[in-house]
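Number of protein chains: 2
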Amino acid sequence: MPLKHAVLALVAERRGYGYDLVQRLERRVGPAWRLSPSAVYPALDQLERDGLVTSAAGRCGTRRSPRVAYAPTPAGLTALEAWLVTAGATPEPMRAELHLRLAFAHARHGDALAAQLAAHERAWRELLARYGRRAREPEAPRGGTALVDAAVVARLHAELAWVAQARATLADA
Amino acid sequence: MPLKHAVLALVAERRGYGYDLVQRLERRVGPAWRLSPSAVYPALDQLERDGLVTSAAGRCGTRRSPRVAYAPTPAGLTALEAWLVTAGATPEPMRAELHLRLAFAHARHGDALAAQLAAHERAWRELLARYGRRAREPEAPRGGTALVDAAVVARLHAELAWVAQARATLADA
Chain A
1 MPLKHAVLAL VAERRGYGYD LVQRLERRVG PAWRLSPSAV YPALDQLERD GLVTSAAGRC
61 GTRRSPRVAY APTPAGLTAL EAWLVTAGAT PEPMRAELHL RLAFAHARHG DALAAQLAAH
121 ERAWRELLAR YGRRAREPEA PRGGTALVDA AVVARLHAEL AWVAQARATL ADA
Chain B
1 MPLKHAVLAL VAERRGYGYD LVQRLERRVG PAWRLSPSAV YPALDQLERD GLVTSAAGRC
61 GTRRSPRVAY APTPAGLTAL EAWLVTAGAT PEPMRAELHL RLAFAHARHG DALAAQLAAH
121 ERAWRELLAR YGRRAREPEA PRGGTALVDA AVVARLHAEL AWVAQARATL ADA
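Keeping their order, the protein sequence lines are chains A and B. Numbering follows the numbering used here, in which position 26 of the first sequence is assigned residue number 26; successive positions increment by one, without gaps. Numbering follows the numbering used here, in which position 52 of the second sequence is assigned residue number 52; successive positions increment by one, without gaps.
Here chain A stands alone, though its shape is the one from the complex (with noise of 0.2 Å):
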């Protein structure tokens, strides 16, 4: 997954130093990525390698602990848009370790299975709670966050309609 153009994007956009950069793109893609700052830090470390954005110690912290701060190079604004136009883009594959074990399970399973489907539709119902509450803030999302986060609500309510049957296709069982 491209994360590093994502950084490129923000760093683009405004400069920042690394855990302002994590706090940015995790409020921009929203939880479903389930970003953790150990992703950003080596894309933001390739990016510098390659040449698409420079560091220098910014304003922003003190002279004790100096901030380093991220910018973009010519040749990084010019990738950014090269990714951002980019036609080849296929959906990514439909996986889930569920579902493998739900293909190879047998009857004797079905009390595990219902247990790791209850497991799911919990992490599922929170996350819709949270998307909800993202909604609903003052600073909701807007524009192309706003249907990313579309794109997970629908998919969460999906899931949710899912699972409800399954349950009840293993309760017959």
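These are computed hints drawn from the structure, not numbers from a lab. One thing to keep in mind: the hints can contain errors.
[What the hints assert, rightly or not] Chain B stretches covered by chain A per the calculated footprint, using a threshold of three residues with CB under 8 Å from any CB of chain A:
1. 31-41
2. 68-77
3. 130-139
4. 159-165
The beta-carbon is built from N, C-alpha and C at its ideal position, and this holds for glycine as well.
Using the hints, position chain B against chain A.
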């Protein structure tokens, strides 16, 4: 993604040689996974290194080209059972490159994004048609695989409903 356990489950159901296992796995987990043989063979090698399967030149080949058949070991059967009842599975993060592009695009990228949305829509429609054909085959998926297919179909309908909304929003903007 623990494809390794799915391959182990297949071998435990009926011993098989490499390509036979690829075909059985594709049929079992469905086309949304976009499996490739190059993902299955390393899983078999890993299972053998871990002592979970054994391989032997089987009877299904010829003297000139013996086929290596895989069978589970007792340790493999124990590992499989443990995997099937593992309780800790949480849903995978929901990530899509298209979502990253949407979250960072500007008005000037509208045409490129519309083309990407249209390409995704085509791919999802084709996949939905494949699942429709699968369901109408004489050997249509049953049991756990039918549940997995239902999950994919529900998700495809959600994606298609969303993409229509996203295209309309982009066209208005």
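Report task. Just pull the numbers of the violated hints for me, sorted ascending. Result -> Going through the list in order, the structure violates hints 2, 3 and respects the others.
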